[in-house]
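K.L.:
Sequence:
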Amino acid sequence: SFLTLNWFTRGIDSTMWKWLNRMLDEMRVSSNVDSLPAGIELPVLRREVEVMANTVEKMGFSVVLSHGDLKPSNVMLLGDNRVDDDVRLIDLDVRLIDLELAGPNYRGFDLAKLFRIDPYRFSEERFSEFLSVYCETAKVDESLAKEIEKETKVCLPLVHLEAAVFFALAVAMGQDFGGPSSDKARWEALLRDRWAKYMASKATIDVFRDVM
1 SFLTLNWFTR GIDSTMWKWL NRMLDEMRVS SNVDSLPAGI ELPVLRREVE
51 VMANTVEKMG FSVVLSHGDL KPSNVMLLGD NRVDDDVRLI DLDVRLIDLE
101 LAGPNYRGFD LAKLFRIDPY RFSEERFSEF LSVYCETAKV DESLAKEIEK
151 ETKVCLPLVH LEAAVFFALA VAMGQDFGGP SSDKARWEAL LRDRWAKYMA
201 SKATIDVFRD VM
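For the record, in the sequence shown the residue sitting at position 146 is 146 according to the numbering used here, with numbers rising by one throughout.
Careful, some of the hints might be misleading.
Stated by the list, open to error - Estimated spans, in silico, between C-beta atoms of each pair:
id, residue 1, residue 2, range
1, A38, V94, 34 to 44 Å
2, E26, R186, 17 to 27 Å
3, D93, V140, 15 to 25 Å
As the list claims (entries may be wrong) - Under the rule of at most 35 Å between Cα atoms (straight-line distance), these lysine-lysine pairs were calculated in the DSBU-like manner:
id, residue 1, residue 2
4, K150, K202
5, K18, K139
6, K202, K139
7, K202, K146
8, K139, K71
9, K18, K184
10, K202, K71
11, K150, K18
12, K150, K71
13, K184, K139
14, K58, K18
15, K146, K18
16, K18, K202
17, K146, K71
18, K58, K139
Calculated from the structure, these hints are not laboratory results. Built from N, CA and C at the ideal position, the CB exists for glycine as well.
Build the full structure now, drawing on both the sequences and the hints.
P.N.:
Take a look at the structure:
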């Protein structure tokens, strides 16, 4: 289950930064790296990854066994289960798919990726409700729940940064990474969208930098 997956603590570092740096390295050797749009060139991406890595690592987040790509489309509700107010999360037959990126990662990353939303439409009320259901089901105390909330909020911009780097790689490599189209314009539009969301949300990290 997702709850079991996310509570298996690992005494090693997050693989997020290794994954991001590998994509940046692939871009560096690509003959199309100059095709990245203005303002989102490789040096800019690398600088943001380095700044975020240095900042987040100093916060000392817990690293757990993570799904790594826990977007809603990778969560399947099986059978005839219906989600309503009378159904507990623990009673649902839920399966996770696409585990290629599973490994040690920050405790809040999967939660941030599952909740991810346009920063301009972020709702504190919905975010708190989402996490309260998770923490109640996981039977964590109030103190730990607050830590998870802070860690998840910090990971929200990282979700957008990771996506931006991925789509930048698609633009630079000129390849289709499993999507419905290899059209460069499509990948570039996705890159611009995720980059804008990252830039709009990264101030969240500054809010918690001095209080964690």
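K.L.:
A separate judgement is required for each hint: does it hold in the structure or not?
P.N.:
Hint by hint, here is what the structure shows:
Between A38 and V94 the CB atoms are about 43 Å apart, so this pair conforms to the stated range of 34 to 44 Å. Under the hint 17 to 27 Å, the C-beta atoms of E26 and R186, about 19 Å apart, fit the expected range. For D93 paired with V140, a C-beta distance near 23 Å keeps the hint of 15 to 25 Å intact. Proximity of K150 to K202 is assessed by CA-CA distance (about 14 Å); at most 35 Å being required, the pair is judged to hold.
The suggested pairing of K18 with K139 holds, with an alpha-carbon distance near 32 Å, which does not exceed 35 Å. Taken as a hint, the K202 and K139 pair is honoured in the structure, with Cα atoms around 30 Å apart against an allowance of 35 Å. Between K202 and K146 the CA atoms are separated by roughly 20 Å; this keeps the pair inside 35 Å, and the hint holds. With a CA separation close to 23 Å, the supplied pair K139 and K71 stays within the 35 Å bound.
Distance hint between K18 and K184 is fulfilled; the C-alpha atoms sit about 26 Å from each other, no more than 35 Å. Between K202 and K71 the alpha-carbon distance is near 20 Å, which keeps this suggested pair within the 35 Å criterion. Of the supplied pair hints, the one linking K150 and K18 holds, its CA atoms being roughly 23 Å apart against a limit of 35 Å. Under the criterion of a C-alpha separation no larger than 35 Å, the hint pairing K150 with K71 is consistent with the structure, at around 20 Å.
For the given pair, K184 sits about 46 Å from K139 by alpha-carbon distance, which is inconsistent with the 35 Å threshold. Proposed proximity of K58 and K18 is supported: the alpha carbons are some 17 Å apart, at most 35 Å. Proximity of K146 to K18 is assessed by CA-CA distance (about 28 Å); at most 35 Å being required, the pair is judged to hold. Taken as a hint, the K18 and K202 pair is honoured in the structure, with Cα atoms around 20 Å apart against an allowance of 35 Å.
The suggested pairing of K146 with K71 holds, with an alpha-carbon distance near 23 Å, which does not exceed 35 Å. A threshold of 35 Å between alpha carbons decides the hint, and for K58 with K139 the separation of about 28 Å falls inside it, so the pair holds.
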